[in-house]
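Protein chains: 2
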Amino acid sequence: VGKGKSRKPHWAVRASEMSKRTFNPIRTIVDSMKVEPNPQKPLISLSLGDPTVFGNLPTDSEVTAAMKEALDSGKYNGYAPSVGYLSCREVVANYYNCPEAPLEAQDIILTSGCSQAIELALAVLASPGQNILVPCPGFSLYKTLAHSLGIEVKFYNLLPEKSWEIDLKQMESLVDDKTACVIVNNPSNPCGSVFSKSHLQKILGVASRQCVPILADEIYAEMVFEDCRYESLAKLSTSVPILSCGGLAKRWLVPGWRMGWILIHDRRDIFGKEIRDGLLRLSQRILGPCTVVQGALARILHRTSPEFYHNTLNFLKSNADLCYAALSAVCGLQPVRPSGAMYLMVGIQMEFFPEFENDVEFTERLIAEQSVFCLPATCFEYPNFFRVVITVPEEMMVEACQRIQEFCERHYRGSEGSQEMECDK
Amino acid sequence: VGKGKSRKPHWAVRASEMSKRTFNPIRTIVDSMKVEPNPQKPLISLSLGDPTVFGNLPTDSEVTAAMKEALDSGKYNGYAPSVGYLSCREVVANYYNCPEAPLEAQDIILTSGCSQAIELALAVLASPGQNILVPCPGFSLYKTLAHSLGIEVKFYNLLPEKSWEIDLKQMESLVDDKTACVIVNNPSNPCGSVFSKSHLQKILGVASRQCVPILADEIYAEMVFEDCRYESLAKLSTSVPILSCGGLAKRWLVPGWRMGWILIHDRRDIFGKEIRDGLLRLSQRILGPCTVVQGALARILHRTSPEFYHNTLNFLKSNADLCYAALSAVCGLQPVRPSGAMYLMVGIQMEFFPEFENDVEFTERLIAEQSVFCLPATCFEYPNFFRVVITVPEEMMVEACQRIQEFCERHYRGSEGSQEMECDK
Ligand SMILES: Cc1ncc(COP(=O)(O)O)c(C=O)c1O
Ligand SMILES: Cc1ncc(COP(=O)(O)O)c(C=O)c1O
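In order, the protein sequence lines correspond to chains G and X.
All residue numbers for the first sequence refer to our numbering, where the first residue is 305 and numbers rise by one.
All residue numbers for the second sequence refer to our numbering, where the first residue is 305 and numbers rise by one.
In isolation and in its complexed conformation, chain G is listed as follows (with noise of 0.2 Å):
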């Protein structure tokens, strides 16, 4: 066969090198978690980053009411251009617009969630063989699509005795020729944590003395407790080009509905036409989010109701200080209190609990013995802690946080050369 060739055909079907660096470190942790719930109890899952599992956080009637109106249309069936109508992008730019952040419909980009915002952002802005610089602990999906790309990650700290704060000085001396972005999560996953002004001034500094390019995620945008004010990394900086990407994930509480979006800002013109025609020609490859949403998307940002928000904010807010407090209390627990979003990490004080390696055994046998599942947060590349999820049901909330204290007092041990066992809590 084939003119003479010497190739003697056989299967050997491999998958590619890409799709072996492809990689989320969740489901790699979280599969390996090989232990069954206590059957005596029945499980509470405070694991996912979803807040519609247990009911009790319905979107709004307007956002339904949206989609059916958009539906009824008929007007939403058809392919729209790849980076979205132009009347939606409008309407994200309108919604987004400020004085200090001027946008309009060509610097928006709209997206199969905020994951495809991420990764159109990162694969227009990264080549192989440079490097970004992402949050520790951070949403694992950053490296995932990072090595999916070949993009090299090096990782900041946060700080979780300064609620989270990035350590700039460790940040900055990240920084070199190589260096393609910086990713800035704010409102934070998995810390819940929020950036005041100044923090973000300083994040800014930063990225305007390297001149580096940010990648802001900020798909918690707005979702911060009432004691606390959201600004975004946009409105502060005249001369930081930034990508803020967004979507209906969490503030609408749709995550299943990929809707997302890029926010262009470049005010002094540093992305320039090559960026945006980057975007461009990369949202060509798989087209954006379903028509319908798009559609129904106007009705959605200006008609939620008000108290929608404030209901879902409340409801955040009065179950994170619950948990904080609860586990405040447990000996060999150091919770951090979150100001937004909807995660809560706890320190793990390991020497206290020997039986335990780390933060996945820990979290391990607190299923296996008390049925509640959190993530350890080896999953955020930050050992020894653990997300809480306080989307769940108040009662759960308790329920959850009365099983741990449980589960910690039975297995903390006082330092070895103290009489007490109990710690001073």
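To be clear, the hints were calculated from the coordinates, so they are not data collected in a lab.
Don't take each hint at face value.
A pair holds if it fits inside one copy or across any two, identical chains being indistinguishable in the list.
What the hints assert, rightly or not - Computed list of lysine-lysine pairs in DSSO-like fashion (alpha-carbon distance at most 30 Å, straight line): (1) LYS458 with LYS324; (2) LYS501 with LYS312; (3) LYS577 with LYS539; (4) LYS501 with LYS621; (5) LYS482 with LYS324; (6) LYS506 with LYS539; (7) LYS577 with LYS324; (8) LYS501 with LYS338; (9) LYS379 with LYS621; (10) LYS312 with LYS506; (11) LYS577 with LYS338; (12) LYS506 with LYS379.
Remember, predicted model here, so these are calculated numbers, not experimental data.
The hints should help you fit chain X with the ligands onto chain G, whose structure is shown.
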């Protein structure tokens, strides 16, 4: 700054290599066709493979009702697994399952449109440095995605004189040690051709002899006219591993909804766990399709009325016949009769149109003079043809054909040696 580093930062943000390699030829060719339609005649666009643009082909009422039901249930707002809900994968498996090519839920991956299905399939099968075989003329996305991933493309020829069957010898001669897969698109965009059972068997013969897996783009599955029968590749093979890509876009007339799928056919376990795991890992990058559409899928597949499919195909066939008959009568044009999908390819005997350099100029002038917009087949790597989309309302189809005829009559020049300026049609 930066501990004595000699770097003197300045802003120099460049688009990545990948974004520069990513390139949609249709956009580039169409955007370079800087030409205004004739203001005296309303524009008739026969260029977009979007059956919804003229409003004459609405989706079935069951399809819309299914979406509303999914919305009202409130059960489809959260995250689905990245490969889709298990129940929905089961629905798709059952829908395409047959004794000759059995499918289970685990063989299905739900994707954001058939485009993402193709992207994932390519990304798992081929690594940079490898090549894939792609039809010529063919859908431009294959090359766009392959080059974006750093994969080389080799074109195999479709033969217009044989109703666009594959030149199998030439195809087989292209296979080498670096060939990762063959893409087979049936029914075809842009040709509207449908392969016979025996031709499909011969294609499988090549794949089997050469041990090359097939990526079957079957987005137009079942969209064949009444005198013709559609066969899936998988049904005809017991050994060749096949990733079949499909979706709701065309047959259900909702391309904007971005619901696609991969059917994994691998009865000899040649893909094995490696390719399945690779697809799973790749799906976790941006997750799959909108959950509302997933929630509606069972009802869409089971309850769409048979008349709906029937009426759509009748309409397409009638328009195809009309267009084929009209353009066959035009001197200098050689339409090829389609048997399915929504397209018709027309050969231009360029020697009779000496005014025009090529198909791009021909179609450009057709817009300028007659306000009829057809894609030059250079978009599909196939010069001297143009593609007609046959989803437009009948009266537009008639009008467009008349204008094309007028245009050709005006520019037709008999062969130089001949006295006759008229062709023998
Ligand atoms: C910080 C962060 N960014 C991005 C995403 C992804 O959002 P989407 O579901 O819209 O892709 C998540 C989801 O959990 C997240 O926590
Ligand atoms: C042959 C072919 N494959 C795939 C696609 C993409 O389908 P989807 O819109 O579901 O991504 C198209 C769209 O025109 C097509 O013609």
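Hints versus structure:
Proximity of LYS458 and LYS324 under a CA criterion of 30 Å is satisfied in both settings, with 20 Å inside one chain copy and 25 Å between copies. Only between protomers do LYS501 and LYS312 lie at most 30 Å apart by alpha-carbon distance; the minimum there is 28 Å, versus 66 Å within a single protomer. Proximity of LYS577 and LYS539 under a CA criterion of 30 Å is satisfied intra-copy only: 22 Å inside one chain copy versus 48 Å between copies. Within a single copy, LYS501 and LYS621 get their C-alpha atoms as close as 21 Å, which meets the 30 Å cut-off; across copies the closest is 63 Å, which misses it.
Taking the closest pair of Cα atoms, LYS482 and LYS324 come within 30 Å of each other both inside a single copy (24 Å) and across two copies (18 Å). Taking the shortest alpha-carbon separations for LYS506 and LYS539, only the intra-copy value of 14 Å comes in at or below 30 Å, while the best inter-copy value is 62 Å. Within a single copy, LYS577 and LYS324 get their C-alpha atoms only as close as 34 Å, which misses the 30 Å cut-off; across copies the closest is 12 Å, which meets it. Taking identical chains as interchangeable, the C-alpha atoms of LYS501 and LYS338 are never at most 30 Å apart, the minima being 43 Å within one chain and 48 Å between chains.
Proximity of LYS379 and LYS621 under a CA criterion of 30 Å is satisfied inter-copy only: 25 Å between copies versus 40 Å inside one chain copy. When the C-alpha separation of LYS312 and LYS506 is checked against a cutoff of 30 Å, the pair qualifies only between copies, where the shortest distance is 20 Å, while the shortest distance within a copy is 63 Å. When the C-alpha separation of LYS577 and LYS338 is checked against a cutoff of 30 Å, the pair qualifies only between copies, where the shortest distance is 20 Å, while the shortest distance within a copy is 50 Å. With identical chains, the CA atoms of LYS506 and LYS379 are never at most 30 Å apart, being 46 Å at best within one copy and 43 Å at best between copies.
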